[in-house]
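2 protein chains.
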Amino acid sequence: MTQRVVVAEKILKANDELAAENRARLEDAGVFSLNLMASPGAGKTSLVERTVAGLADQLRVAVIDGDLATSLDADRAAAAGARAVQINTNGQCHLDANMVGHGLDALDLSGVDLLIIENVGNLVCPVEFALGAHRNVLIASVPEGDDKPYKYPGSYRGMDVVVLNKIDLLPYVRFDVDRFRHGVEVLNPGVRILEVSCTTGAGLPAWLAWISEQAEAHRVSPDERRART
Amino acid sequence: MTQRVVVAEKILKANDELAAENRARLEDAGVFSLNLMASPGAGKTSLVERTVAGLADQLRVAVIDGDLATSLDADRAAAAGARAVQINTNGQCHLDANMVGHGLDALDLSGVDLLIIENVGNLVCPVEFALGAHRNVLIASVPEGDDKPYKYPGSYRGMDVVVLNKIDLLPYVRFDVDRFRHGVEVLNPGVRILEVSCTTGAGLPAWLAWISEQAEAHRVSPDERRART
Chain S
0 MTQRVVVAEK ILKANDELAA ENRARLEDAG VFSLNLMASP GAGKTSLVER
50 TVAGLADQLR VAVIDGDLAT SLDADRAAAA GARAVQINTN GQCHLDANMV
100 GHGLDALDLS GVDLLIIENV GNLVCPVEFA LGAHRNVLIA SVPEGDDKPY
150 KYPGSYRGMD VVVLNKIDLL PYVRFDVDRF RHGVEVLNPG VRILEVSCTT
200 GAGLPAWLAW ISEQAEAHRV SPDERRART
Chain U
0 MTQRVVVAEK ILKANDELAA ENRARLEDAG VFSLNLMASP GAGKTSLVER
50 TVAGLADQLR VAVIDGDLAT SLDADRAAAA GARAVQINTN GQCHLDANMV
100 GHGLDALDLS GVDLLIIENV GNLVCPVEFA LGAHRNVLIA SVPEGDDKPY
150 KYPGSYRGMD VVVLNKIDLL PYVRFDVDRF RHGVEVLNPG VRILEVSCTT
200 GAGLPAWLAW ISEQAEAHRV SPDERRART
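As given, the protein sequences belong to chains S and U, one line each in that order.
So in numbering that gives the first Met the number 0, the last one in the first sequence is 228, and the numbering has no gaps at all.
So in numbering that gives the first Met the number 0, the last one in the second sequence is 228, and the numbering has no gaps at all.
Do not rely on the hints blindly, as some may be mistaken.
BS3-like mimics (lysine-lysine), calculated; alpha carbons at most 30 angstroms apart, straight line [unchecked claim]:
1. U/9 with S/9
2. U/9 with S/12
3. S/12 with U/12
4. U/12 with S/9
These are calculated hints, taken from the structure and not from any lab test.
Note that this is a predicted model, so its numbers are computed, not measured.
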């Protein structure tokens with residue numbers, strides 16, 4: 000068992016180095032980036048579609064989609080107007096920095112303002128692997144239940160924002176928003192929780208405004224960028 | 000990377016041996032067992048509650064609950080009337096046979112007819128680790144979307160039954176039951192798909208009948224069992 004731990008540490012160290020390389024490439028290209036994580040079916044792809052459409056007049060968006068199989072999600076992102084690349088993880092429960100590096104190879108980043116990395120649907124594994132993205136986003140959804148922060152604490156720590164999706168279903172399922180918010184707050188004090196519905200569009204302006212603010216704060220002039228490097 | 004694969008194979012081999020030990024212990028005790036797998040929030044614990052209550056006059060049920068943190072699920076199973084043990088996986092995305100062995104140590108199996116093992120909420124990892132259970136059950140849920148068999152094929156192969164939960168939400172979300180069924184059928188031809196709602200109780204009689212049939216078919220007289228060993 001010791002051997003296993005050592006190997007896992009080596010893999011994570013190599014991953015961190017590759018994540019730093021990805022970050023440098025994104026910085027060089029002036030691209031702001033998000034790592035979207037969630038359970039299967041929480042609405043990552045629907046939020047990507049809404050985001051691409053909602054920011055169309057402000058930011059040019061590219062998407063890297065991670066899934067075990069199919070290109071269904073990248074197809075949806077592309078149909079919404081994004082430059083999109085699908086990565087199939089061959090059974091792995093998460094994207095890693097190496098996969099994202101290959102995704103960057105396949106994308107032309109010139110003219111891209113925002114890169115959204117849509118991780119594999121999983122509340123455990125993705126959070127272990129840095130990808131090089133600037134912000135981490137967790138999407139929870141109402142039908143999953145209000146107990147998820149308590150049962151999957153690792154996924155709520157270290158997030159920069161938590162999106163609670165499918166609030167249109169609140170009338171039809173047992174979900175105590177206060178219990179959910181309290182669970183998140185304990186793990187990640189002060190983190191912003193945005194309640195949205197990708198079906199009705201409720202709450203999406205606040206989400207789009209958050210991205211715009213974050214991307215704007217990150218933006219530097221070409222001169223500043225050159226001076227940094 | 001080669002080293003990693005070798006280590007992973009060793010772990011899986013050791014797991015298979017421990018799973019065989021678990022199976023032998025269950026056989027010796029005359030216990031029929033299910034391994035319940037699903038995404039986070041698909042309704043595993045709700046189905047456990049409904050099953051314990053629904054079979055109360057036929058089968059004495061014990062539950063082993065796997066979660067990263069808390070004993071919320073085992074508490075619910077116990078409140079429903081089951082003998083219940085919680086296993087916290089310390090960050091692991093699945094139960095393994097060793098953990099279940101410890102769960103069996105903690106349970107008194109005398110007088111138990113049915114053991115339900117509720118795995119960690121995850122559509123990728125649990126299917127890789129045999130636990131020793133007699134039947135594998137996947138619970139899907141309507142709000143997760145009809146594309147899940149296509150995107151998480153590994154979780155649908157090798158299942159003995161697929162339960163589609165939360166059909167009470169069909170009027171409120173986009174979900175094409177035929178597309179879902181087709182996706183499952185391609186991966187697992189002929190597998191039974193049971194549509195249920197743990198909220199309204201719809202479809203649960205068929206689920207309970209399936210368990211009763213399976214447990215009955217598995218039941219052998221003490222003499223037969225002694226003759227086998």
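Agreement of residue 12 of chain S and residue 12 of chain U with the hint, judged by alpha carbon distance not exceeding 30 angstroms: holds (27 angstroms)
Proposed proximity, residue 9 of chain S with residue 12 of chain U (alpha carbon, max 30 angstroms): holds (23 angstroms)
Given pair status - residue 12 of chain S, residue 9 of chain U, alpha carbons within 30 angstroms: holds (23 angstroms)
Pair hint residue 9 of chain U and residue 9 of chain S, alpha-carbon separation not exceeding 30 angstroms: This hinted pair holds, its Cα atoms lying about 19 angstroms apart.
Checked against the numbered hints above, the structure breaks none of them.
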